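Using the hints, position chains B, C, D and E against chain A.
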Amino acid sequence: MTNILQYAWLVPVFPLIGFLINGVFRNSLSKQVVGIIGSGSVMLSFIVSIWLFTGVKGAEPYVAHYFDFISVGKVAIPFAFQIDQLSAIFLLIITGVGTLIHIYSTAYMYVEEPKHFARYFAYLNLFIFSMLLLVMGANYIIMFIGWEGVGLCSYLLIGFWFQRTDYNNAAKKAFIMNRIGDLGVLLAVFWIMQKFQTVNFRELFDAVAAQHAAGTLNVNDPALVGITLLLFLGATGKSAQIPLYTWLPDAMAGPTPVSALIHAATMVTAGIYMIARSNIMFTLAETTSNIVAIIGLATAVLAATIALKQNDIKKVLAYSTVSQLGFMFLALGVGSYTGAVFHVMTHAFFKALMFLGAGSVIHGMHHEQDMRNYGGLKKYMPVTHATFLVGCLAISGVPLFSGFFSKDEILMGAYAHSPVLYFIGLAAALMTAFYMFRLYAMTFRGQFRGDAHHLPHESPVAMTAPLVILAILAAVAGFIGIPALFKPDAHILEKYLAPVFEGSAKLVKAHEIEHGTEWGLMIGSTAIILAVIAFAWNKFSKYQKTGAEETGFGKVLENKWYVDEIYNGIVVKPLLGLAAFFNSVIEKSGIDKLVNGVGRSVQYASRQFRYLQSGVIGNYILIMVAAIVVLFLLGFGFTPDFRAIRSLFGK
Amino acid sequence: MNLIIFAAIAGVVMMIGGLFVKEKRTVSGLALVCMIALLLFNSLELCTSVPVFHIDLNGMLGFTNLGLLINEVLLLSGTIYFILQGRDIEKVGDNVPDYYALIFFVFCGVGIATSFQSLLMLFLGIEIISIPLYILTASDKLNMKSNEAGLKYFLMGAFSTGLMLMGIALVYGATGSFYLNDVVNSKAIPAAGVLPTAESLVDTYRLIGGLILLMISMSFKVSAAPFHFWTPDVYDGAPTPFTAFMATIVKVAAFIAFIKLFEGTHDKLMGKYQMLIAIIITATLLIGNITAVFQQSVKRMLAYSSIAQAGFMMFALFSFNAMAKEAIVLYAAAYCFATIGIFSILNRMDDYSFDGYNGLAKREPLLALLNTIFFLSLAGIPLTAGFFAKYYMVAAALENNAGFLWMFVIAMLCAAISVYYYFRVIQAMYFKTGDGQKIEASPVFRYVLVGVAILIIILGIQPGLLLQHLYF
Amino acid sequence: MPINYYIYLSVILFCIGVAGVLTRRNAIIVFMCIELMLNAVNLLLVSFSKMHYAKAVLTDPNTTVGTDAQLFVFFIMVVAAAEVSVGLAIIVLMYRKVHSVDINFLNRLKN
Amino acid sequence: MNITQILFWFLSALAVGSALMVITRKNPVYSVLFLIITFFAISGHYILMNAQFLAIVNIIVYAGAIMVLFLFVLMLMNLNSDTEPQKNKYMIWSGAVAAGVLMLIIIASLHTDIKEPALNMGQGGIGLIKHLGVVLFRDYVIPFEISSVLFLSAMVGAVVIGKK
Amino acid sequence: MILVSLILIPLVFGLGSFFLKGTDSPKTFALIASILSLAASLYAISIPVGSLTYSHGWLGTFNSNFSLGADGLAKILILLTAVSYPIIFIATSRNQYKDTSQFYALMLLVQAGLMGVFLSTDCLLFYFFWELALIPAYFLCSKWGGDKRIQVSFKFFIYTFIGSLIMLIGIIYLYSKTSDHSFAWSSFSRVVLTDQEQKYFFWFFFIAFAIKMPIFPLHTWQPDTYEQAPTATTMVLSGVMVKMGLFAVARWLIPVFPQMAVKMADTVMILSIIGMIYASLIAMKQDSIKRMIAYSSIAHIGLMCAALFANNAAATQGVYIQLFNHGVNVIGLWIVANAIEQQTGTTKMSELGGLAYKAPVLAILLVVMALANIALPLTNAFVGEFLMFNGIFAYKPVFAAVAIISIVLAAVYTLNMIQKVFLGEASGFLKVTEIPKNTIIALSIIVLMIFAMGVYPNPMFHLGEQVMGWAMKK
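Protein chains in written order, with the working numbering: chain A, 811 to 1461; chain B, 14 to 485; chain C, 298 to 408; chain D, 305 to 468; chain E, 12 to 485.
Bound-form chain A, shown alone (with noise of 0.2 Å):
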């Protein structure tokens, strides 16, 4: 392999030393050098992963084996990065957008004290490095060193403002949910470890081919479903699928540049990559793949409807970010792996660029979240609004911007797999649209309904530049995905991935939609968008408030299906009642009272054999001789000849 390649190693280590420093000099860096040092190692790690991202050639992977981790008897674990394709474009994913954030956030979290401000950023590069990890790994272990270092960046960052109860309640769901999840990703390791002996990637990919390919590995073989339910398990758990997504929305507690960088762009997508990485187990286990599928969208689309009527800002996109990572497992489940990435990185961009936005609004309104108090932000905000117009367009799949193209190629797969997958996912698309351009036309539009003697200030520099580099990815990055349909083979992406998805790509059968019919579903799901959005911005343009409450299905909505009431009230309830039955009753009074009924008992015998000792001697003589008549009895075999005593010595 090339050089370049050796160096892979770089580009985790730069956000490490980063952490490093911020973390241990927090107290005595000044903010500007903190912001320097935070940005600056991610900046640099983008820098080299660009240099990676170039260097991957060919169909081999490049393994680089640093040490075993473990190494004991037949589990053998080497600490090891891989570098292919996929994980190329995930790395400029993460520090791309990475660097971004963070540049974006050395303004929206200047306000924090200094220390505070260094303990951002040394989460931040935290985060980055286990991101990093998470996809250069090399097996399944190091991923997951990487899949739980961003659970607990994530928690950290949730709960950044520790002193606000609710905001740690938040941190805490996520770790926890998250937590599930990974019960998920270790159990099916071990699966994977029992049954194929590696977990490193190549080796196990290859093993799983050629197992098939010898024929002792059937389709839906079952072990293999057993290990990819598992394995989507912990997908569900990241990427906040059902059942495991009600913690992401609570996740919004965080600042928003996290939101951005970790609840968007980067963590959320975890499941996703390692779905896309393992394709040829779940191609092969058809029946997770119909569930993936099938959870998707289902998610795609509650998510969507729960989205229609947020009013916090910050919930919406959030909500919106389940229903597109909804859309990904769609992807994924139909077998259309580079959709899915394709969708990851259009995403990345038009959703870190929405919460950015997001933020920039906030950050201008003062910290306030309730879209019902702004509107009309246009006047003061024109950067902000530029740009978030872009990403709501890009994100509702208006053509040419770049949702469009990665949704239309998971909406074909979609089609191609069956079309009633294509048209709840169409209508979820829908809801998008609505609820993106609600938002839209709530806050920018209009007049301002916030209160007037805090008026809302366009951002600095440090965070308007951001939106403007993401709001152009977000306009062009489709067209590194142009579909077959418009130019034959224009599918850089498509190509560039190939090597990855080899192998699944030779076991699914390929569903051509004629062209004929492709024309006319793209052309009539963009009109019906067009109409939904024109509908949307005519509407809530006018917008004013009310004070009056949800109703109906509404309320439904705006409580969010009560799906949190739910769990609580089947899971975390009934759990809490159980330790609390535990603790209280089944330890108190249960174990610990019987091991201390044995001491009382013992005490109680103790009282109760005090009275024999009556003081009195006929009562003493009377039981002795009680106990000789007993010994006697026994002595001579309790009959009442004793003849037993007979048998004793005569045989």
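These are calculated hints, taken from the structure and not from any lab test.
This structure is a prediction, so every number in the text was calculated from the model and none was measured.
Possibly wrong hints are sitting among the right ones.
To be verified - Examples of chain B residues lying across from chain D (beta carbon under 7 Å, computed):
| # | residue |
| --- | --- |
| 1 | VAL63 |
| 2 | ASN71 |
| 3 | MET73 |
| 4 | TYR192 |
| 5 | GLY222 |
All residues carry an ideal CB built from backbone N, CA and C; glycine is no exception.
Just chains B, C, D and E now, kept in the frame of chain A:
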């Protein structure tokens, strides 16, 4: 033999000496001198196996290493006892020389009990031990409890004597002899593999009946349940120094008598009756330990503890092998030393309740530490002689009696219960707040007590030092 | 007479003694009942002595089998006498204190 | 039924009967007197078995000395009549039952159907003073001497207890 | 000889410490002793297993020798013991005890006992040390503990004492069944028993060890004791002493009853796993930090016990490494608890809050400790737990699937604790300042170990693998 003769002489010396010596300290000193002389004479016999006087024993007495070694242990305990508790004996009453005389007579009985070969000598030995004890128990004439204890002890002791005599009579009826050897070899015990005739069966019944009664009366003497009832009352009521004497030296002597009595018949006959012993052991352990838990007075607790310890010593009767003999010697030493030590300290206290020990560690750290060692030894904690004592007992019994596993489990649970009440004292001394009672303790007292503790620890590390004397 | 008769007689007397110990509360009577038990044993020993003698005399007319039992009885009497002296002394001591010889009043020591 | 048998039954009945009287009389003095009768009956048995020495010793030591001592103490304490308080019914019944069961058990243990040779009543010289004396001072000198220790201790004891 | 010195150093220094006066000199003295023994143990660890034996005649009559030996397992635990003591002494050097010299003397005696337990290759000697470690611990808990110390430590003592007595029956019985009548490990591991005997005596041994570990449902002594004992003692108890139980299972139970260990594996593992879940759930409900750590420890120990019986190399190695790691982590947690208690005078979560403001360093160190407690990757616990779960999964996937739930629960209660103590609004403890230097030093050492072992655990594996060759010989 030396012990029997010189103990009797020492008794007479004390009696007569009492006429001339009025000073109590001098009397104690004289007694101590006699005691040391006894110890030396017995050591002489243990080393040379030749007594000072050659008397035709007519097979009535027989001296074995076991008996002599036990004598040695008991005499050593006695010496320690005199040194540590002489002051307290002086305080019991006016007839100090007589008390010492009686104690020496008891030692004479101890000598007989550890060497008898004939049931007649057993009977005499036990009586010579018992009768002075009745008196010693009742000797604190001003104390109602002492009187009451004396009467109780006497009546019940006499009753058990009756049982013992009935047993001896039945054994005689079966075998026609009082000699242990003859009993063992009599036709009443069918030889292995020989079908008993109808006539010999009659004798067998009588023998078994007699042995059961003997077992019962000996159980009474060693205070095994359910024949233990006299023990708490008597130990509680008797003047404390005499309680210490009864609880240690006398009890061990009775045990040796018990063991000697059944040693021969065990293999041939009582081996089949292990169940009876097992029941007695279990009952003793349970009753002794459990009842001790709720006691408020340390003295009375020690009485129950002595019952409990008897339960463990009964294991020697259960197993009857070479190791059991080692076990009983070791147990005797461990138990006697520790108990005498504890009583020596208890004697000097005004308040016998557990609370009386509160805060002792602050006032008398050395005594508290020693007391702790003694209690740990009684509880059978490793590094003290008590551990190996229990260890040997259980190991000897377990060697070929796996069928009685339940008994061992109960025994161990009981050992754990015993920790409960022994540790109450330790807790009181170290962890409870209190001023601690003033304890009069001369330097000699302390040094000897330290010596005892060291002895216990040495035996707890290397029990072989004592046991090797069993074999040569 | 068959030896069994003597055994029964002794056992009966013995158990009457036991019954007396169990039922009476007067310490002196209790003590007397114990003496009765000892006498029952004495009777048994003597009769066993005669039994063994009777068996042995069949083969050896000059046999002295059974002598030891009779001497044992002698020693029992000796010991009993000593015991009585001590026992009565204790009882009298007790009586001097409480003016009663009821053993049921002996319950300062219990539990 | 020869004279020996008649005497046996008579003495047995006397012994058992008076023993029962011992434990049932309320007045302790009566008890003592009945006990003396029992001892006499037992001495009678000794004589039947030609254990003349023991018969005499029994009467002299027991009936003569010991029981007189008892009587003396009773008189001293003035316990002649009805000093024993209300009897405890439970104690009496349980005591009687326990003793009865004990008797049954022991008898059942020792009972056989075997005909053993009858005791040759009134014969044999082993119970005579001459013979016993020789054996006592030849073979039993050790226990004899040791019993002196017993007496010594009893004596000392009596002094310790009796001295004011 | 080096092995003897491992026992002798703390023993001699411990006895010597009784005669010291004042409060500072015993502390210094004990610290020197512990560092000496650390040095000795580091030296011992560097010696190959083969030459690490020592034997001296002891009880000739029944063939029990004062024989010591160290394999990898023992080495790990010696290292743990030796490492933890200086840390504990440093971390608690500001704690004030009355009769300081006695306190430190007893602490060192406990160390001697622990070393003895880990080194004995003679069963009777093992039992001796087993008890000897217990007695000073009992005195420590009873004399210097909290309000309910007397009852609580007594319960602890009796509980473990019952277990060890029952084990003693087993030891004696097995001894009588050995072919050469010896207490040596090698004889014990060759003893031939009938099925019935195996069944009984397996449990006789196991109960003793289970109480010590403790395994559900024999655990109830533990939270009380940990809560009431003086913190330094608690650290020894939970960090090192509970390892005695696991060590004993690995050394004296599984090799001695190999068939039974396989047959009973299900039962033991089910108990352990129930215990894990159960303890984790209860930990969620605790208000006292100490009790929470105690229950958390029960859960972790349960996992180790289950993994020991999973009967595969990965799990066993996982246990070995986890023995060390858990010790380090839990000591770290206790140091934090101690620091909190020293600063605020309470360990009730409901009364605490917002400490992160006042003591950010402590907060950070605690978070690291907590992360190790929930076995986050790159902390030391992850390696062990990963291997253990892996082993259990290989044995029975269902077990692993159930047991692994405890990881989530661990996250719940650990994060809860962090939140209630460190986060949120600062509560009324205005006097709280940053923790003193000594605590920071101790915690830093632990944090370093956590990461070192978490990133590069192989040296410990190499230590542990020395067991494999030795113990699997049979």
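### Task
Kindly indicate which numbered hints from before are broken by the structure, ordering the numbers from low to high.
Violated hints (numbers, rising): 1, 4; every other hint is consistent with the structure.
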